[in-house]
Amino acid sequence: MQTHAEHDVYYVPPPSIWPLVGSVALLVLASGFVMLLHKIAAGPYVMALGIGILLVMLFGWFSTVIRESLAGKYSDQVDTSFRWGMVWFIFSEVLFFAGFFGALFYARILAVPWLADAQMLWPGFTAAWPTAGPGVKTVLTPVDAWGLPALNTLILLSSGATVTWAHWGLQKGRQFQLKLGLALTIILGALFISLQIHEYGEAAFTIRDGIYGATFYMLTGFHGFHVMLGAAMLTVIFLRALAGHFTPGRHFAFEAVAWYWHFVDVIWLMLFVFVYWL
Amino acid sequence: MYTADTAAHHDHAHGAPRGIMRWLTSTNHKDIGTLYLWFSLFMFFFAGALAMLIRAELFQPGLQLFQPAVFNQLTTMHGLIMIFGAIMPSLVGFANWQVPLMIGASDMAFPRLNNWSFWLLPAAGLLLIATFFVPGGAIAGGWTMYPPLYIQGGVAYDMSILAIHILGISSIMGAINIIVTILNLRAPGMTLMKMPLFVWTWLITAFLLVAVMPVLACAITMLLTDRHFGTHFFDAAGGGDAVMFQHLFWFFGHPEVYIMILPAFGIVSTIIPTFARKPLFGYVSMVYAVASIAFLSFIVWAHHMFTTGMPVGGQLFFMYTTMLIAIPTGVKVFNWVATLWRGSITFETPMLFALAFVFLFTIGGFSGLVLSLVPVDIQLQDTYYVVAHFHYVLFSGSAMAIMGGIYYWLPKWTGHMYDETLGKIHFWLTAIAFNITFFPMHFLGLAGMPRRIPDYALQFADFNMISSLGGFLLGASQLLFLYTVIKCVRGGAPAGNKPWDGADTLEWTQTSPPPYHSFVTPPQIKLVRGRSHANAR
Ligand code: HEM
Ligand SMILES: [Cu+2]
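Here the protein sequences come in this chain order: A and B. Residue 395, in this note's numbering, is where the first sequence stops; the numbers in between run on with no holes. Residue 1019, in this note's numbering, is where the second sequence stops; the numbers in between run on with no holes.
Next comes chain A alone, as it looks inside the complex:
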């Protein structure tokens, strides 16, 4: 708790090299990616270098933040800033997914029926979903929603429950419950990813199979990527919990990652309904 007036001195960090390192990392990464796309041999190495620099930056930057946090530099006001920051970050992520969902709905509800109505280019094309479109010759067998995807829904929802259970433990000062809850969450997350990879292997269609393949793999792919990010962040939080960084009163890093995890959860529910089921 703050002993000072409500508005204490707001912590302004000293100059830091990490933002610049991060910019260099993204520039190298982007250049490497372009090289890779155009089959220049050095591409993958340049990309790897970029990722390496990015990891160094993330490690350096977050260590600094953790050190400052442990040193008690963050007042309640700074804490509030972090909360707002995370809320708006998640909001921007929601809109990122909204864009892809928008593409899915647009294609399914408008573009495909319009294509079927205009009989000039592809006579005989009829609107149906799923479809690979009039020009791509694939017979699509979608993934059955009530097989693996349903199981994955169960897994991800349970992981949402375990992370909340861990939070309760943290709030009540039961460190063991915190650690166990986090470990379970990470394991469930890993299980989800593995099943998702398995499902990709089994699926009878690819990302090249028309608009259905495109929307399916982009939505599930970006979601899977976010789950991996979330799991990585949970792992960091787990290690920090082992190191005893969190107190019942002050543990925003934990909460931020928990919020993120719930966000990933909700996106999955949308995916389950609109990509797999309906």
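Any given hint might turn out to be false.
[Said to hold, decoys possible] According to the in silico footprint, chain B covers these stretches of chain A (three or more CB under 8 Å from chain B):
#1 135-141
#2 145-153
#3 194-201
#4 218-231
#5 250-259
[What the hints assert, rightly or not] Beta-carbon label-pair distances, calculated as ranges:
#6 B:Leu-798 <-> A:Met-387: 23 to 33 Å
#7 B:Ser-826 <-> A:Ile-226: 52 to 62 Å
#8 A:Ala-188 <-> B:Ala-975: 42 to 52 Å
#9 B:Trp-520 <-> A:Leu-227: 25 to 35 Å
#10 A:Met-387 <-> B:Pro-630: 53 to 63 Å
#11 B:Arg-500 <-> A:Gly-169: 50 to 60 Å
#12 A:Gly-366 <-> B:Tyr-998: 49 to 59 Å
#13 B:Leu-851 <-> A:Val-256: 46 to 56 Å
#14 B:Leu-964 <-> A:Arg-367: 14 to 24 Å
#15 B:Pro-630 <-> A:Gly-318: 49 to 59 Å
If you are wondering where the hints come from, they were derived from the structure by calculation, not from laboratory data. Using N, Cα and C, we set each Cβ at its ideal position, and we do this for glycine too.
Starting from the known structure of chain A, fit chain B with the ligands onto it as the hints suggest.
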């Protein structure tokens, strides 16, 4: 009057570091604001040089200097760099300098993130400008990046996609920083409805940024996968639709134009009361007008797509919502004029720019209204009339408000007065040359001259030559701007804390230039609505 606590507090013991590291590693909102402003000025001249080449080609009919492919590269890069490299970063520069000063905060909420938001820009700028030197040349599909053209191009197209991703990351982080600063770092007493209007406009702009940049990221990611990974998002053969890109793009694109104009509204709403020596007329209605413009900007996007063959119901919907925007915009113009009414007005350079803004932006708003009418737009879409419209709102709107803002706050930022005579000359040259350049474009468009074409029919020759001459003058006048700014940075009459007697926002209670760390402890604020008076506590 409040005097800032310049004595170093233990957390602020670090003063300005010396040398290049001061800029590379900065966590200071003023330094980062300065970086943003110089970067945008550089990009303004770079993209401006491209515009000079465009006008040189269009000086006469026939192909004079460039092949059509190169001409298309020039227009595309001009638009892209002006929007993402010049206008947006300069407005963020203003936010960096002014928002903490105007709300009595010690810095931005996340100073390190702030630095990252800036340093991503040169990275992206490098990627973009480098496209001129790769095989196949720079991107040439227009700043709107429509498929299928954008899917067919070479290396440059991938570089630009990644550059825009990086710019998007920068914008989103910058916007989050601004929102959190405004929501959480206001000095005690500074309630939301007492914030200076500039701060309000940036709060809402930042919200727009966080909401629409991710959608742009989505759209260009789909371009990338269509290019390289075999997806069919924009390919009808696979059940996709090229028009879908336009929907995604303009869902971003229309709010984007408000991202570029709302902070400009904020600047003008700060300058006019100062030199009219009257408080802003209708503060509350100004806030509501900005908010409703922002809301409406989400439901008008397809007015850029009236000729894509959308259902009549869609055309009507987007036509009516677009016309609705004229109402809050009208409220703003009315309030600016009403602020002037019976004011004791003086015409310093910032005021000249602000007044020109009110007049010329309104012309742009009216041509927008003309374009919002479906039957008219079907005639005018992709003609020079549209070019005239968006230069009236973007150059005489955003850019001239930015220039006015620079003159207005330069004394505060540098501690020196700028050269008033040079400033006025710059203003008049700019305002006159701007109109010579762009007013004839209305006529060209109405007569049917298409945009983005290097050659044209003979009957357009006269107006094009006038326009090019105006363009060259406009370009040259900006060198005077550069000179005046540099001169002011290097020296000049001392500005004192408050060179404008009518100014009443919080930054004028600080020294000029303000101490490296201002408002280390937040001032206690006694406020008249929208006008801050800081009191010692
Ligand atoms: C009263 C407000 C406005 C209305 C009703 C309006 C309406 C329109 C319409 C209907 C178009 C499409 C023309 C076409 O392509 O056929 C258009 C284009 C454009 N507007 Fe506006 N506009 C308004 C304000 C603004 C503002 C404030 C800005 C920027 C600061 C702006 C920037 C643009 C740009 C850049 C384009 C052209 C995009 C392109 O095709 O490259 N407009 N406007
Ligand atoms: Cu628009």
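Checked hints:
no., hint, result
1, 135-141, "holds (count 6)"
2, 145-153, "holds (count 4)"
3, 194-201, "holds (count 4)"
4, 218-231, "holds (count 8)"
5, 250-259, "holds (count 4)"
6, B:Leu-798 <-> A:Met-387: 23 to 33 Å, "31 Å, holds"
7, B:Ser-826 <-> A:Ile-226: 52 to 62 Å, "60 Å, holds"
8, A:Ala-188 <-> B:Ala-975: 42 to 52 Å, "46 Å, holds"
9, B:Trp-520 <-> A:Leu-227: 25 to 35 Å, "46 Å, violated"
10, A:Met-387 <-> B:Pro-630: 53 to 63 Å, "30 Å, violated"
11, B:Arg-500 <-> A:Gly-169: 50 to 60 Å, "31 Å, violated"
12, A:Gly-366 <-> B:Tyr-998: 49 to 59 Å, "34 Å, violated"
13, B:Leu-851 <-> A:Val-256: 46 to 56 Å, "51 Å, holds"
14, B:Leu-964 <-> A:Arg-367: 14 to 24 Å, "50 Å, violated"
15, B:Pro-630 <-> A:Gly-318: 49 to 59 Å, "32 Å, violated"
When held up to the earlier numbered hints, the structure conflicts with 9, 10, 11, 12, 14 and 15 and fits the remainder.
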